[in-house]
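These protein sequences, in sequence, are chains A and B. Okay, so the first sequence: first residue is 1 according to our numbering, each after it adds one. Okay, so the second sequence: first residue is 1001 according to our numbering, each after it adds one.
Hints listed in this document are in silico derivations from the structure and should not be mistaken for laboratory results. Possibly wrong hints are sitting among the right ones.
Stretch by stretch, here's where chain A covers chain B in the computed footprint (C-beta under 8 Å, at least three residues) [said to hold, decoys possible]:
(1) 1003-1012
(2) 1525-1531
(3) 1583-1590
Some residues of chain A that are not near chain B, with every Cβ distance over 12 Å (derived) [stated by the list, open to error]:
(4) P4
(5) S65
(6) T70
(7) R79
(8) R113
(9) S114
(10) A119
(11) H212
(12) D222
Counterexamples of contact, computed for chain A against chain B with all Cβ distances above 12 Å [to be verified]:
(13) E30
(14) S52
(15) R77
(16) A120
(17) D131
(18) A167
(19) E179
(20) R190
(21) E215
Glycine included, every Cβ here is placed at the ideal spot set by N, Cα and C.
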Amino acid sequence: MTDPLLAADDVSVRFGGIVALDAVDLAVPERSIVGLVGPNGAGKTTLFAVLSGLQHPGRGRVRLSGIDVTRATPQRRARLGLARTFQRLELFTELTVRQHLVVARRVREGRDRSLLRDAAGLGRRPSPGEDAAVDSLLELLELRDVASLPVSMIPLGTGRIVELARALATEPRVVLLDEPTSGLDVHETRQVGAALRSARSERGVAFVLVEHDVELVLELCDDVTVLDFGRVIAHGPPPSIRADAAVQAAYLGTPTDGAVTR
Amino acid sequence: MPGYVLAGLVLGSIYAVSALGLVLTYSSSRVVNFAHGVTAYAVAVFYHWLNHEQGWSILPSAAVSLLVFAPALGLFLWAVLFRRLTHAPPTTRFLATVGLWVALPAAVRLVFPFSQGEINAPQGLAKLPASVFHLSALDVSINANQIAVLAGAVVVVVGMTALLRATPIGLATRASVDSPRSAEVSGINTTLVTAGSWMVGTALAGLAGILLTPILGLADLEFTLLLVVSLAAAVVGRLTSLPLTFAGALVIGLIQGISVDFLPAHGVLTTGFRPSVPFVVMLLCLLLYQGLGRERFEVDLRAGPVEREAPAPPPPRGWRAAVGPGIVAVALFSVPLWLNGFWIGVVSQGVALAVLFLTFTIVTGEGGMLSLVQATLAGIGGLITAALATHSSIFGWQVPNPFSSSVGWPLGPAILAGALVAVPVGLLVASLSLRLGDVYLALATLAFALLVEQLVFARHEFDQFGAGIQLGRPMLLGIDFNDRTSFFVLLAAVFCVVALVAVNLRRATTGLVLAAMRSSEQAAATTGVSVVRAKLLAFAASSFVAGLGGALFAITIGRASPNSFNVLIGIVWLAIVATWGVRSVVGALVAGLLFAVVPQLVAEHLPASWADVPTLLFGLGAIGLAREPRGIIFTLVNATRRARGGRGPLALTQPPAR
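Bound-form chain A, shown alone (with noise of 0.2 Å):
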């Protein structure tokens, strides 16, 4: 078995008494997308933290590349080609969307090292290839029309695909999608849908997909995890798990819980 691009090995976080994630193992092979479910409070968002370097974990271990990240720093991560979106909006509020996404890139380039250039008034030009890249970045996902407009002025749906787009244009190769849909109309999931998979035909970029809308993740996933209490319940591909007891029973609850208010 190759190694996979990201893998979590045996996770655990606590907080204080209360136990986050619990030996959480989650593999992501190249150009895969992998489902992560479970209901609120199950230690998604908790993992995404793990993942991209916001949160120490208290054991186990974070690969990148075959490379252990455990320790590194999120912009280490974000070098090494991963990305991420936020559940709750984290915009860059007094940029345009253009600038997200041309932040984005130049970082990538290392071009925000180049302080004595900026600072020489050399710093404003694009780099070659930067016009080029980003305008078919929001051709892709449809921001032409709100490229030049600050993100404070744009509504929340367009503003998760702006996330989403932003972190493609690092030209990352795994990307964390944390409820990329949430808020957003029956249009705009199914230009998120598209996009993914063109970015993962097109780019060969990896996605980990957490995600409320059960049909879209069992539509687009290769792999889906499901989380309940920190705790990996079930793991396989889609077919299996919508077939999956346990899955079912942290959803909608036991007949032997007596109630099914979870």
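Got chain A sorted already, so can you dock chain B onto it with the hints?
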């Protein structure tokens, strides 16, 4: 020994009363009131005015001050200012309270004029001369003032506990503090609760102020120290826990009191120890809490949505982009043509300050970091330059002089050295910024600035009995800048170069990266931005500019004196820069010119009792930020662009079809 414990306990009790007020107002409105110390000052001055000037006796004076004046002041400030700040961006929240910090003492001095002599021995809540009692069981003497303080603290603790724990008002308050929105939907009038807490908080500040005056006098610097200690105690209580805050304040007071027993009677260690206690306590707590909870210290975790700023119209392109800066540059360089010698000197000070003010443009405007240490960094630049230029020795260490055979360095290299020395100090502060967000950084930098002031600036080699070190005008690259006009041109050129570099950085990738970091450090980091590097760079650059500006300012006024760079002056500087636009280099220029010119105009044309008017105006300007956080220059430029082109974002709310 028991005597020192008692003194510490008394000091700690005063701190505790003040700190409780600070925490109370913070918890109800999420605004850290940097003007807390000066509200204490205002109430203390009012009390003294009743008690001393109007001849009222102690009890009615205290009752009117604490039960009428202080609550009214708190209610007024809440209604006109703090109410609007709860949902403002952190920078605006901070700068507006800084504005109040500047304006309030000036307003108080205008309304209640005192001569300094009368304020030297103010009376507290006990009659002067204070009667002394000897407690033979503890072998300690206690005077009536100390009894008043301890009694006051006990009354406050019992009263607050009873109010919060045993009344419906207390229940409503605690609910509003825990979750304003849930409290609101449960039918609690959170507006009333918040207004009430500002009234009580101001009364507590006032009580602390009145109790403090017999010990430390009625000078506003002492009230800044009171503020810093209250902030440190509030940090011990994580800005929310009243009991922990109270304990923290007592501990700080006790350490300061008992330390007197162990320290030598004179020297830097003694003068430096007292201000360093709150700083160390604050820093330890911030680091300890982070280690425990791994939480990022953000002030507005539970605040409501941050108001969105309306976006600016796009800047003009091509030759139009050069018109505005061109006009400013021509106007600046033509100053010697239409002003006489004296006024060229005044305007020179303004331009030197403008260079210094660009430090705020970089660290707060671009970096988005709230720093109160910039004036101190400028002071370091100025003092090191002066020390090198006159006797080539710093801290008693003889610095070799590779440039000339005379004792002092030539001024050019000395200026450069001064600016460079400020950089590592700035980076030391920056290391705090990596861990502390927003308002906690402001607290830590304020404490650090006071520490440097007491430990370094107070040294005789820099202070020279308040006179500072004399400095002449420089000779650079073989050109003599000794006459006023040529030195003015030099200053203007330096300003233009530094401003150009700042603008270049803002418009290039560096500016995009900093803008990204200001909005969301998490998103910036996961996009690949090294937040650590960006913050350190912003601090390093701003420290260099502060040092450079400090050196130039010192040369312009002919001496480098610690008094020119003290913390309170730094606050006024920040307030006026923020008023005109903390992101605008033109704002920095206008701010510098006004700071130099307006007091001069007032001194020439208005009676001496109006001396505080400029400061009042500068402070009021920053308070006005609650309406437009980006400052006056932004508003003007925006209005011009809209009027001329109509291509502003207002026309863009409908996305153009393409």
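Results for each hint:
1. A stretch counts as covered by a chain when three or more of its residues have a beta carbon under 8 Å from one of that chain; for the stretch 1003-1012 of chain B and chain A the count is 0, and the coverage is violated.
2. Remark: the stretch 1525-1531 of chain B is confirmed as covered by chain A, as 7 of its residues place a Cβ nearer than 8 Å to a Cβ of that chain, reaching the required three.
3. Using a Cβ-Cβ cut-off of 8 Å, 0 residues of the stretch 1583-1590 of chain B lie near chain A, which falls short of the minimum of three, so the contact claim is violated.
4. In this structure P4(A) is separated from chain B by more than 12 Å, as the shortest Cβ-Cβ distance comes to about 20 Å.
5. Residue-level check passed: S65(A) sits 15 Å from the nearest beta carbon of chain B, beyond 12 Å.
6. Once the 12 Å rule is applied to beta carbons, T70(A) is consistent with being away from chain B; the minimum gap is 16 Å.
7. R79(A), annotated as away from the interface, has a beta carbon of chain B within 12 Å; the closest lies near 5 Å.
8. The beta carbon of R113(A) is not kept farther than 12 Å from every beta carbon of chain B, the shortest such distance being approximately 8 Å.
9. A beta-carbon of chain B comes within 12 Å of the beta-carbon of S114(A); the shortest separation is about 7 Å.
10. The Cβ of A119(A) sits about 5 Å from the closest Cβ of chain B, inside the 12 Å cut-off, so the non-interface label is violated.
11. Chain B leaves H212(A) outside its interface by the beta-carbon criterion, the shortest separation being 22 Å against a cut-off of 12 Å.
12. With a minimum CB-CB distance of about 24 Å to chain B, D222(A) clears the 12 Å threshold, and the non-interface call stands.
13. Listed as outside the interface, E30(A) is consistent with that label: its C-beta sits roughly 20 Å from the nearest C-beta of chain B, beyond the 12 Å cut-off.
14. The Cβ of S52(A) sits about 5 Å from the closest Cβ of chain B, inside the 12 Å cut-off, so the non-interface label is violated.
15. The claim that R77(A) is not at the interface with chain B is violated, since a C-beta of that chain comes within 12 Å of its own (minimum 8 Å).
16. Here A120(A) does not stay apart from chain B, with its beta-carbon only about 7 Å from theirs, under the 12 Å limit.
17. Against the 12 Å criterion, D131(A) stays outside the reach of chain B, whose nearest CB is about 15 Å from its own CB.
18. A beta-carbon of chain B comes within 12 Å of the beta-carbon of A167(A); the shortest separation is about 8 Å.
19. Non-interface status of E179(A) relative to chain B is upheld: no Cβ of that chain comes within 12 Å, the nearest being about 15 Å off.
20. Every C-beta of chain B lies more than 12 Å from that of R190(A), the closest at about 20 Å, which supports listing it as non-interface.
21. No beta-carbon of chain B comes within 12 Å of the beta-carbon of E215(A); the shortest separation is about 28 Å.
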